[in-house]
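Q: The lines below spell out each chain.
Protein chains: 2
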Amino acid sequence: VVLFRKMVVAGVGLLGGSLAWGARERGLVEEVVGYGRSAESLRIAKRKGLIDAGFMRPGDFPPDTDFLVLATPVLGMAPLARQFAPRIGPRCIVSDVGSVKGAVVRAVEKALPPGVAFVGAHPIAGSEKSGPGAAAPDLFRERRCILTPTAKTERGALRRVACFWSALGAKVEVMDPDLHDEVLAVVSHLPHVAAYALVRMLERARADALDPADYCGGGFKDTTRIAASRAEIWRDICLANRRALVRALDDYIRYLARVRRWIREGRGAALEREFSRAAERRRELEGAR
Amino acid sequence: VVLFRKMVVAGVGLLGGSLAWGARERGLVEEVVGYGRSAESLRIAKRKGLIDAGFMRPGDFPPDTDFLVLATPVLGMAPLARQFAPRIGPRCIVSDVGSVKGAVVRAVEKALPPGVAFVGAHPIAGSEKSGPGAAAPDLFRERRCILTPTAKTERGALRRVACFWSALGAKVEVMDPDLHDEVLAVVSHLPHVAAYALVRMLERARADALDPADYCGGGFKDTTRIAASRAEIWRDICLANRRALVRALDDYIRYLARVRRWIREGRGAALEREFSRAAERRRELEGAR
Numbered sequence: 001v002v003l004f005r006k007m008v009v010a011g012v013g014l015l016g017g018s019l020a021w022g023a024r025e026r027g028l029v030e031e032v033v034g035y036g037r038s039a040e041s042l043r044i045a046k047r048k049g050l051i052d053a054g055f056m057r058p059g060d061f062p063p064d065t066d067f068l069v070l071a072t073p074v075l076g077m078a079p080l081a082r083q084f085a086p087r088i089g090p091r092c093i094v095s096d097v098g099s100v101k102g103a104v105v106r107a108v109e110k111a112l113p114p115g116v117a118f119v120g121a122h123p124i125a126g127s128e129k130s131g132p133g134a135a136a137p138d139l140f141r142e143r144r145c146i147l148t149p150t151a152k153t154e155r156g157a158l159r160r161v162a163c164f165w166s167a168l169g170a171k172v173e174v175m176d177p178d179l180h181d182e183v184l185a186v187v188s189h190l191p192h193v194a195a196y197a198l199v200r201m202l203e204r205a206r207a208d209a210l211d212p213a214d215y216c217g218g219g220f221k222d223t224t225r226i227a228a229s230r231a232e233i234w235r236d237i238c239l240a241n242r243r244a245l246v247r248a249l250d251d252y253i254r255y256l257a258r259v260r261r262w263i264r265e266g267r268g269a270a271l272e273r274e275f276s277r278a279a280e281r282r283r284e285l286e287g288a289r
Numbered sequence: 001v002v003l004f005r006k007m008v009v010a011g012v013g014l015l016g017g018s019l020a021w022g023a024r025e026r027g028l029v030e031e032v033v034g035y036g037r038s039a040e041s042l043r044i045a046k047r048k049g050l051i052d053a054g055f056m057r058p059g060d061f062p063p064d065t066d067f068l069v070l071a072t073p074v075l076g077m078a079p080l081a082r083q084f085a086p087r088i089g090p091r092c093i094v095s096d097v098g099s100v101k102g103a104v105v106r107a108v109e110k111a112l113p114p115g116v117a118f119v120g121a122h123p124i125a126g127s128e129k130s131g132p133g134a135a136a137p138d139l140f141r142e143r144r145c146i147l148t149p150t151a152k153t154e155r156g157a158l159r160r161v162a163c164f165w166s167a168l169g170a171k172v173e174v175m176d177p178d179l180h181d182e183v184l185a186v187v188s189h190l191p192h193v194a195a196y197a198l199v200r201m202l203e204r205a206r207a208d209a210l211d212p213a214d215y216c217g218g219g220f221k222d223t224t225r226i227a228a229s230r231a232e233i234w235r236d237i238c239l240a241n242r243r244a245l246v247r248a249l250d251d252y253i254r255y256l257a258r259v260r261r262w263i264r265e266g267r268g269a270a271l272e273r274e275f276s277r278a279a280e281r282r283r284e285l286e287g288a289r
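Going down the list, the protein sequences come from chains L and B. Heads up: the first sequence runs through residues 1 to 289, numbered per the working numbering. Heads up: the second sequence runs through residues 1 to 289, numbered per the working numbering.
Hints are computed from structural coordinates only; laboratory data are not their basis. As the structure is a computational prediction, the values presented were derived from the model and not from experiment. You may find that some hints are simply not true.
[Said to hold, decoys possible] The following label-pair restraints were derived from C-beta to C-beta distances:
hint, chain 1, residue 1, chain 2, residue 2, range
1, L, Arg57, B, Leu210, 40 to 50 Å
2, B, Ala269, L, Glu40, 22 to 32 Å
3, B, Asp176, L, Arg106, 49 to 59 Å
4, L, Arg159, B, Gly268, 31 to 41 Å
5, L, Val246, B, Gly27, 53 to 63 Å
6, B, Ala270, L, Glu40, 23 to 33 Å
7, L, Gly218, B, Glu280, 16 to 26 Å
Glycine included, every Cβ here is placed at the ideal spot set by N, Cα and C.
Turn these sequences into a full structure, and let the hints guide you.
A: Okay, structure coming up:
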């Protein structure tokens with residue numbers, strides 16, 4: 001069933017590209033137009049059949065768009081919405097795919113013309129890959145998609161966006177934007193910072209003729225896989241969610257300092273107890289969906 | 001070619017079991033005897049064909065053993081060597097598979113009867129799985145195996161142990177025990193502590209009716225996969241390598257505190273620069289072996 005006539009996807013990277021492709025393939029939209037800063041990305045997106053057409057100047061935003069999805073790095077979303085604003089029609093629904101919601105949702109709401117409905121969305125379906133070349137039409141299948149309506153969010157728009165994500169195969173749920181950010185700080189943003197930092201430690205451990213990277217086993221590779229993620233995206237996420245992320249980092253640093261003390265003091269029982277609890281919890285995750 | 005007549009593998013877990021199996025399958029040893037504290041593990045090891053026979057009392061160590069491999073958690077190795085010592089013959093070669101070398105090698109050397117040759121070894125081939133049920137005869141194929149001889153190490157024994165690991169398919173190299181520990185602290189021990197700690201953060205972020213674990217995507221799962229590792233093994237590794245690990249933890253904590261400050265102060269350029277460097281380095285690792 002056709003949910004929208006003309007969808008604009010701003011940013012045709014991994015998420016935007018997959019969204020465009022999935023929507024086209026399932027016939028959820030009649031036409032998909034991509035916006036991007038790079039001609040190369042738009043070209044790849046068009047050649048792969050993710051989009052029908054593309055534009056690079058915000059002033060070329062098609063005024064008959066009835067669904068706009070922001071899929072750029074999060075700090076770029078509100079400025080871009082502001083640039084599109086003069087050409088966004090009153091019946092257009094706006095959504096996004098950002099990994100941070102609180103500050104981003106507030107900023108985008110402010111940037112849009114009064115009366116235009118905005119529904120914040122975060123499909124939990126990233127990967128360390130990026131760009132339209134990595135897009136897949138089934139990226140969101142069986143993945144959670146968290147919608148974060150505010151007091152301002154129009155209920156009809158919320159339902160339509162929920163319907164759109166369900167049709168892409170996602171498991172849709174609704175959450176408060178700030179609670180979303182607290183949870184994601186712990187399950188996603190902190191692990192990214194931790195992984196980037198672990199990779200940087202390789203530099204520090206470089207000895208004369210020996211490169212520690214040569215001794216990385218599967219454990220190191222798994223633990224740092226997400227450190228291959230695009231820096232620009234994660235810079236924005238860290239800054240946009242700084243309040244919750246700084247708190248999560250504080251907890252993490254404090255906890256690591258405690259473990260360090262136990263190691264230094266030879267407190268084997270404490271170490272074993274903590275590692276056991278973590279191991280048990282981690283094994284549970286494996287069984288879960 | 002038969003390298004040893006009777007090999008005793010002390011600890012028939014993932015590493016010991018795989019070692020036994022690989023050696024038997026390739027005909028490198030005539031007989032494999034397993035030592036273990038648990039009758040259940042020995043039973044599984046025997047049923048899977050990893051070992052020919054097993055024993056549970058150190059006093060039953062077969063005196064005609066010509067190759068003993070210690071494959072218990074690292075802090076258990078020297079005490080066990082001491083218990084076996086009265087029955088270890090002068091021509092027996094002793095080795096191990098421990099993830100820590102400096103302190104462990106020194107302690108085992110001291111525990112063995114004078115004249116018995118010891119060759120420290122660390123095959124970099126672990127996983128979060130454990131027990132003889134997870135053993136595989138090809139676990140060491142194409143993996144590095146680091147031998148860490150000391151001034152005391154008999155050259156003939158070093159050659160035979162190197163030959164044994166090569167025959168199992170490992171890429172053998174020689175390294176100073178303390179240098180080994182510094183490198184492994186960064187590429188393996190620190191990541192394990194970091195992963196255990198990330199999983200423990202889930203507990204702290206638990207809100208009312210919401211379990212953060214439900215929102216863990218592939219990124220969290222990869223980053224913490226090794227946190228499912230057996231606590232006892234990692235307790236021992238942390239304690240045995242405490243000097244290098246505490247130093248690595250200090251570096252890591254200091255670096256995280258710096259990233260935290262950049263986030264709090266909104267220093268996007270610094271974040272992007274650091275994340276970029278890490279991402280580039282991490283992508284290089286993917287190409288490497």
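Q: Using the Cβ atoms, figure out if B/Ala269 sits within 22 to 32 Å of L/Glu40.
A: holds, 24 Å
Q: Given a hinted range of 16 to 26 Å, is it respected by the beta-carbon distance of L/Gly218 and B/Glu280?
A: Holds, at about 21 Å.
Q: How does the Cβ-Cβ distance of L/Arg57 and B/Leu210 compare with 40 to 50 Å: does it lie in that range?
A: For B/Leu210 against L/Arg57, whose Cβ atoms are near 42 Å apart, the range 40 to 50 Å holds.
Q: Given a hint of 31 to 41 Å, does the C-beta separation of L/Arg159 and B/Gly268 actually sit inside it?
A: holds, 36 Å
Q: Taking 53 to 63 Å as the stated bounds, is the beta-carbon spacing between L/Val246 and B/Gly27 within them?
A: holds, 59 Å
Q: Does the hinted range 23 to 33 Å hold for B/Ala270 and L/Glu40 at CB?
A: holds, 28 Å
Q: Note whether the CB distance of B/Asp176 and L/Arg106 lies within 49 to 59 Å or breaks it.
A: holds, 57 Å
Hint violations for this structure: none, all hints satisfied.
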